[in-house]
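Trainee: The residues making up each chain are set out below.
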Amino acid sequence: MEIVVASSIGILTAGGVYLVLRLRAFPVILGLALLSYAVNVFLFASGRLAVNMPPILSKYGDVQYTDPLPQALVLTAIVISFGMTALLVMVALGAYFESGSDEIDMTEDQGTDA
Amino acid sequence: MLIVIALLPFIGALVPGVMIRAGRNACATFTAIPTLLALVMLMTLAPQVMDGGVVRAELEWLPQLGLSASFFLDGLGLLFASMILGVGLLITLYARFYLSGDDPMGQFYTYLLLFQGAMLGIVLSDNILLLLIFWELTSLSSFLLIGYWKHLPEGRQGARMALAVTGSGGLAMIAGMLILGNIVGSYNLTDILAAGDLIKSSEWYLPALILILLGAFTKSAQFPFHFWLPHAMAAPTPVSAYLHSATMVKAGVFLMARMWPALAGTDAWFYIVATTGLVTMVLGAVIALFKDDLKALLAFSTVSHLGLLTMLLGFGTEAAAVAAVFHIINHLTFKAALFMTAGIVDHETHTRDIKRLGGLAKLMPITALIGTVAALSMAGIPLFNGFLSKEMMLEETTHTVWWGNPWIVPALATFGALFSVAYSLRFIFHVFGGPVRDDYPHHPHDPPAGMWLAPALLCVLVVAIGVMPFLATPIVNMAASAVTGVPQDGYLKIWHGVNPALFMSIAAVAGGIVLLMIHRPLDRVWAVMPRPEAKNIFDRLMGWAVSATRWLTDATHNGAISRYLAIFIVATVALGYVAWSGGGISAPTRELLPVPPVVAIGWFLLVVATGSVVIMHRSRFRALVIIGIIGLMISSGFIYLSAPDLALTQISVETVTIMLLLLALHFLPKQTPKESGALLRLRDGVIAAIAGLGTASLAYVFMLRDIDTISGFHLANSKTGGGGTNVVNVILVDFRGYDTYGEIIVLGIAGLAIFAMMDALLNGPAARRLRNLDLSSDRSRDRHPLMMVVATRVMMPIAVVVGVYIFLRGHNQPGGGFVAGLVISIALLMQYMASGFVWTQRRQQIEYHTMIGWGVVIAGLTGAGAWLAGKPFLTSGFDYFHIPPIEEFELATAALFDLGVFLAVLGSVMLMLYSLSRMARTAGETVNLEPMDFDPADRVQNEQEAK
Numbered sequence: 000m001e002i003v004v005a006s007s008i009g010i011l012t013a014g015g016v017y018l019v020l021r022l023r024a025f026p027v028i029l030g031l032a033l034l035s036y037a038v039n040v041f042l043f044a045s046g047r048l049a050v051n052m053p054p055i056l057s058k059y060g061d062v063q064y065t066d067p068l069p070q071a072l073v074l075t076a077i078v079i080s081f082g083m084t085a086l087l088v089m090v091a092l093g094a095y096f097e098s099g100s101d102e103i104d105m106t107e108d109q110g111t112d113a
Numbered sequence: 000m001l002i003v004i005a006l007l008p009f010i011g012a013l014v015p016g017v018m019i020r021a022g023r024n025a026c027a028t029f030t031a032i033p034t035l036l037a038l039v040m041l042m043t044l045a046p047q048v049m050d051g052g053v054v055r056a057e058l059e060w061l062p063q064l065g066l067s068a069s070f071f072l073d074g075l076g077l078l079f080a081s082m083i084l085g086v087g088l089l090i091t092l093y094a095r096f097y098l099s100g101d102d103p104m105g106q107f108y109t110y111l112l113l114f115q116g117a118m119l120g121i122v123l124s125d126n127i128l129l130l131l132i133f134w135e136l137t138s139l140s141s142f143l144l145i146g147y148w149k150h151l152p153e154g155r156q157g158a159r160m161a162l163a164v165t166g167s168g169g170l171a172m173i174a175g176m177l178i179l180g181n182i183v184g185s186y187n188l189t190d191i192l193a194a195g196d197l198i199k200s201s202e203w204y205l206p207a208l209i210l211i212l213l214g215a216f217t218k219s220a221q222f223p224f225h226f227w228l229p230h231a232m233a234a235p236t237p238v239s240a241y242l243h244s245a246t247m248v249k250a251g252v253f254l255m256a257r258m259w260p261a262l263a264g265t266d267a268w269f270y271i272v273a274t275t276g277l278v279t280m281v282l283g284a285v286i287a288l289f290k291d292d293l294k295a296l297l298a299f300s301t302v303s304h305l306g307l308l309t310m311l312l313g314f315g316t317e318a319a320a321v322a323a324v325f326h327i328i329n330h331l332t333f334k335a336a337l338f339m340t341a342g343i344v345d346h347e348t349h350t351r352d353i354k355r356l357g358g359l360a361k362l363m364p365i366t367a368l369i370g371t372v373a374a375l376s377m378a379g380i381p382l383f384n385g386f387l388s389k390e391m392m393l394e395e396t397t398h399t400v401w402w403g404n405p406w407i408v409p410a411l412a413t414f415g416a417l418f419s420v421a422y423s424l425r426f427i428f429h430v431f432g433g434p435v436r437d438d439y440p441h442h443p444h445d446p447p448a449g450m451w452l453a454p455a456l457l458c459v460l461v462v463a464i465g466v467m468p469f470l471a472t473p474i475v476n477m478a479a480s481a482v483t484g485v486p487q488d489g490y491l492k493i494w495h496g497v498n499p500a501l502f503m504s505i506a507a508v509a510g511g512i513v514l515l516m517i518h519r520p521l522d523r524v525w526a527v528m529p530r531p532e533a534k535n536i537f538d539r540l541m542g543w544a545v546s547a548t549r550w551l552t553d554a555t556h557n558g559a560i561s562r563y564l565a566i567f568i569v570a571t572v573a574l575g576y577v578a579w580s581g582g583g584i585s586a587p588t589r590e591l592l593p594v595p596p597v598v599a600i601g602w603f604l605l606v607v608a609t610g611s612v613v614i615m616h617r618s619r620f621r622a623l624v625i626i627g628i629i630g631l632m633i634s635s636g637f638i639y640l641s642a643p644d645l646a647l648t649q650i651s652v653e654t655v656t657i658m659l660l661l662l663a664l665h666f667l668p669k670q671t672p673k674e675s676g677a678l679l680r681l682r683d684g685v686i687a688a689i690a691g692l693g694t695a696s697l698a699y700v701f702m703l704r705d706i707d708t709i710s711g712f713h714l715a716n717s718k719t720g721g722g723g724t725n726v727v728n729v730i731l732v733d734f735r736g737y738d739t740y741g742e743i744i745v746l747g748i749a750g751l752a753i754f755a756m757m758d759a760l761l762n763g764p765a766a767r768r769l770r771n772l773d774l775s776s777d778r779s780r781d782r783h784p785l786m787m788v789v790a791t792r793v794m795m796p797i798a799v800v801v802g803v804y805i806f807l808r809g810h811n812q813p814g815g816g817f818v819a820g821l822v823i824s825i826a827l828l829m830q831y832m833a834s835g836f837v838w839t840q841r842r843q844q845i846e847y848h849t850m851i852g853w854g855v856v857i858a859g860l861t862g863a864g865a866w867l868a869g870k871p872f873l874t875s876g877f878d879y880f881h882i883p884p885i886e887e888f889e890l891a892t893a894a895l896f897d898l899g900v901f902l903a904v905l906g907s908v909m910l911m912l913y914s915l916s917r918m919a920r921t922a923g924e925t926v927n928l929e930p931m932d933f934d935p936a937d938r939v940q941n942e943q944e945a946k
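Chains as they are written, first to last, in numbering that gives the first Met the number 0: chain A, 0 to 113; chain B, 0 to 946.
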């Protein structure tokens with residue numbers, strides 16, 4: 000199981016990094032989305048993996064629980080990364096309409112011909 | 000008291016700038032008052048210090064880090080402080096008459112007081128970090144003073160050069176001081192001075208020494224950093240007299256004297272400091288003889304005398320330290336007087352060129368007398384104070400062996416002294432001596448008393464100390480004791496008997512007279528001799544530095560964000576590698592969990608989906624749909640790995656994100672063109688592969704090892720302290736409520752920022768482009784399909800109920816404000832998509848801005864409510880109630896906090912989508928007032944009417 004999670008993190012990171020290095024805004028946003036997945040899972044995995052031990056306290060005796068703290072942190076991270084993605088999308092849209100192109104590497108004279 | 004003394008000039012600096020409106024005399028008076036006040040206060044402390052005591056004052060700031068504003072006053076500090084304040088007073092008087100009516104005098108006095116405060120800070124600091132701050136302050140304020148005549152290019156260049164040289168030296172010194180503080184374990188000067196042996200035996204001694212000396216040498220214009228001082232002479236003469244004779248250039252000497260017990264006495268100290276001093280002394284004296292500009296002559300003579308002081312401190316013996324302290328006093332008196340004399344000559348004749356002067360003794364006798372006395376002292380003629388310290392210096396050199404060679408230091412010192420006599424006599428004879436000329440640019444006469452009073456006072460001191468050296472004995476002993484750390488009770492006298500130093504003195508005076516006689520032919524030889532011009536070298540170095548930084552900036556900061564990202568990722572990976580290879584890896588403590596077939600299938604889907612996104616990212620719609628698969632797989636993974644809350648959040652966020660991206664893609668190009676070449680793609684691929692491999696192995700390694708976490712506390716206290724069984728939710732709303740509170744604020748800000756950005760966009764030039772956009776190609780002909788409208792309307796109440804349910808159970812079961820907010824916003828979004836924006840908007844009148852605001856306010860008030868119960872912010876209270884026939888239930892303030900979270904999330908998400916839909920309307924999207932393009936009810940009605 001650990002291999003599955005670790006390799007998923009690695010593949011998501013690699014895909015994210017590759018897309019982030021593209022030259023257009025949209026792939027960069029997709030890449031950031033992949034990277035957020037990778038980071039969230041990575042953080043979650045820092046609580047170590049456990050099956051059938053949700054951190055919901057049980058009324059019945061001595062039950063094992065998984066580590067709740069990374070989950071709480073990741074939960075807010077997911078919501079925040081949504082906010083970040085939304086903001087980026089808006090920036091990309093703005094840049095596209097200001098300049099007529101969604102390239103992210105603009106020379107100085109390119110940016111002003113709105 | 001000590002702190003007040005140190006702060007007085009800074010407080011006083013505010014006044015002259017304002018007082019200049021009341022006239023020049025008022026301005027000068029108000030500059031003198033704080034200085035005088037500080038001087039008087041200092042004098043009340045003096046008896047205590049003269050008795051060998053040390054006055055301390057401390058303002059604690061961050062005692063944990065050893066940072067405090069601590070001051071102390073010992074013999075050395077007292078000597079320098081009184082010199083700074085005393086000469087400061089004289090300069091204030093002198094400048095009042097020197098500056099012309101066109102010069103902004105208030106500004107001048109403000110800068111002067113700032114500088115004075117910085118200098119006082121240096122000599123009174125007990126904390127080396129504090130000392131460093133004042134050190135840099137002197138560099139900055141002297142920059143303002145040197146460049147005071149802003150209209151003169153020499154002034155600006157000189158100020159820049161002084162700042163560059165002394166400022167970079169100061170930077171080196173910061174590093175040196177930090178090393179020193181680390182060796183000793185304290186930044187307190189008192190502790191450092193007491194730990195001399197520890198410092199000298201440390202392996203970091205040499206680097207610290209070199210760095211600190213760099214600071215001192217640049218400040219005190221030691222070779223090869225001496226060149227800035229002559230260029231700083233472009234400053235008004237009062238500045239030169241104050242900064243470049245008495246105070247700022249002495250700061251380096253002061254520092255070496257201050258650090259003497261901690262650093263001096265080693266071979267490294269001797270060879271670096273004494274040799275630099277000796278070279279500087281000789282070189283400065285030789286150049287000074289051939290300068291025709293009065294102030295340049297004095298500048299190089301100052302360089303030479305600073306070299307002398309440095310050399311004496313470099314000898315590392317107590318007698319040499321006594322001589323250095325004595326010469327500091329003497330040099331101050333005669334050099335300040337000489338600078339002021341030069342200023343008077345310049346002021347009266349409008350030239351400082353020695354070749355155009357001469358015969359002034361008859362025209363301005365008072366000035367000539369002052370200048371002659373001071374210059375004779377500089378030459379080291381008996382009965383003037385310069386003679387005494389020069390004798391002591393020569394005496395010390397005869398005991399000094401340099402690299403096994405006993406005569407080289409005395410010989411060179413005599414050689415330097417010889418030139419010193421020559422240029423001093425030249426100052427007298429070529430300016431005041433000789434016949435009266437009739438071609439002065441301006442006919443000179445003695446200035447008003449206010450102008451010559453200050454130098455005259457200094458000349459009285461010159462003669463008094465020269466004739467009656469016992470007057471200065473207690474002060475010298477006091478300061479020398481502070482320098483050496485050992486009580487000194489030496490006795491200063493005029494006649495030392497017939498000793499080698501006397502012969503060296505005689506030789507110097509005789510040689511100097513001969514040199515002056517043959518000055519004319521020598522000057523011609525000097526003029527044709529090739530010499531390196533320091534300013535050109537400096538300018539070229541600065542040019543190189545500027546072009547190097549420009550190259551670096553252009554190369555790394557060229558506006559291409561993909562390059563920044565590449566640099567950032569590569570650097571991160573490299574840092575990760577460093578951290579990885581630094582420590583060992585312990586043996587794994589956990590077993591691998593088994594992989595059931597379902598998980599294997601999910602993993603396979605995830606891998607294929609990620610690969611497909613990367614390969615097909617040019618086709619944007621397709622990539623977006625596949626991203627959804629990845630999100631779903633991750634949510635399933637969260638469910639399987641005991642994280643139901645995460646799964647709920649992930650899946651709802653996923654939905655909202657995809658909708659948002661779809662909406663945005665509506666306006667963007669649907670394809671990504673192929674732009675990067677194969678090589679670039681290969682580079683990115685390699686970077687990506689390495690980054691992926693790195694994170695994967697890191698994750699794998701730590702997942703197999705156990706660590707102690709603080710989660711045990713959360714699990715144990717969730718029910719009893721937070722009142723909920725869903726530990727994740729309790730952490731969010733209670734244990735780490737502060738984080739969550741910050742998070743909803745950030746989310747709210749993101750929503751508002753998007754709204755604001757859209758507002759700016761729609762009112763800017765982009766709106767025109769937007770209106771001309773042709774979106775007809777991807778517009779469905781059936782925009783509001785009947786099936787979808789009906790289905791979403793049926794779904795709406797169900798979705799709301801589910802949202803409320805998730806919200807309510809959140810404290811004890813998976814769910815909570817975050818998820819509930821997202822679920823409700825999805826339900827609303829569905830309405831927008833199915834029935835159109837306007838139709839939906841008319842049916843719910845909620846301002847999303849206000850909703851975000853209410854969310855944050857409710858959460859904040861709930862947290863603040865804990866104060867009423869006397870608990871810290873965000874402590875939650877809860878209790879169980881039983882109202883028949885309902886089963887026992889729990890009410891917690893945390894639920895109220897969660898309501899705030901819910902409202903903020905809902906408001907933010909809706910505001911973001913609302914902004915996007917505004918964009919669509921500007922782009923010419925038609926507005927529908929009816930829920931459906933085709934309403935079957937209308938048809939029935941129409942048919943009935945037709946009948």
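Any given hint could turn out to be false.
Beyond 10 Å from chain A on every Cβ pair, some chain B residues (computed) [stated by the list, open to error]:
| # | residue |
| --- | --- |
| 1 | P152 |
| 2 | P364 |
| 3 | P447 |
| 4 | D488 |
| 5 | I493 |
| 6 | A533 |
| 7 | I730 |
| 8 | P813 |
Some chain B residues judged to face chain A by a derived CB distance under 8 Å, without partners named [unchecked claim]:
| # | residue |
| --- | --- |
| 9 | I629 |
| 10 | I633 |
| 11 | S635 |
| 12 | A663 |
| 13 | L667 |
| 14 | A698 |
| 15 | T719 |
| 16 | D758 |
| 17 | N762 |
| 18 | A863 |
| 19 | W866 |
| 20 | L867 |
Hint data in this document are derived by calculation from the structure and do not stem from the laboratory.
Yeah, the Cβ is synthetic: ideal placement off N, Cα and C, and Gly gets one too.
Trainee: Please go over all the hints and tell whether each is borne out by the structure.
Mentor: Status of each hint after checking the structure:
The Cβ of P152/B sits about 32 Å from the closest Cβ of chain A, beyond the 10 Å cut-off, so the non-interface label holds. For P364/B, the condition that its CB be more than 10 Å from all CB atoms of chain A holds, with the nearest at approximately 68 Å. For P447/B, the requirement that its beta carbon stay farther than 10 Å from each beta carbon of chain A is met, with the minimum near 60 Å. Listed as a non-interface residue, D488/B keeps its Cβ farther than 10 Å from every Cβ of chain A; the least gap is roughly 70 Å.
No Cβ of chain A approaches the Cβ of I493/B within 10 Å, the least distance being about 74 Å, so the stated non-interface status holds. Distance to chain A confirms A533/B as a non-interface residue, since its nearest Cβ pair spans about 39 Å, more than 10 Å. Listed as outside the interface, I730/B is inconsistent with that label: its C-beta sits roughly 4 Å from the nearest C-beta of chain A, within the 10 Å cut-off. Its closest Cβ contact with chain A, about 7 Å, brings P813/B to no more than 10 Å, contrary to its assignment away from the interface.
Residue-level restraint check for I629/B holds (minimum Cβ-Cβ distance to chain A is 6 Å; threshold 8 Å). At about 6 Å, the closest approach between the beta carbon of I633/B and any beta carbon in chain A falls short of 8 Å, and the interface hint on this residue holds. Against a cut-off of 8 Å between C-beta atoms, the interface hint on S635/B is violated, since the closest Cβ of chain A lies about 12 Å away. Interface restraint check: A663/B against chain A, minimum CB-CB distance 5 Å, threshold 8 Å, status holds.
Taking 8 Å as the C-beta cut-off, the interface hint given for L667/B holds, the closest approach to chain A being about 6 Å. For the restraint placing A698/B at the interface with chain A, the shortest Cβ-Cβ distance is roughly 4 Å, inside the 8 Å limit, so the hint holds. This hint is violated: T719/B has a C-beta 10 Å from the nearest C-beta of chain A, more than the 8 Å allowed. Look at D758/B: its Cβ only gets to about 11 Å from chain A, farther than 8 Å, so that hint breaks.
Hint status for N762/B: violated, given a least beta-carbon distance of 12 Å to chain A, over 8 Å. Given hint, A863/B at the interface with chain A, is violated; its Cβ is 21 Å from that chain's nearest Cβ, farther than 8 Å. Look at W866/B: its Cβ only gets to about 24 Å from chain A, farther than 8 Å, so that hint breaks. The beta carbon of L867/B comes no nearer than 27 Å to any beta carbon in chain A, farther than 8 Å, and the hint placing it at the interface is violated.
When held up to the earlier numbered hints, the structure conflicts with 7, 8, 11, 15, 16, 17, 18, 19 and 20 and fits the remainder.
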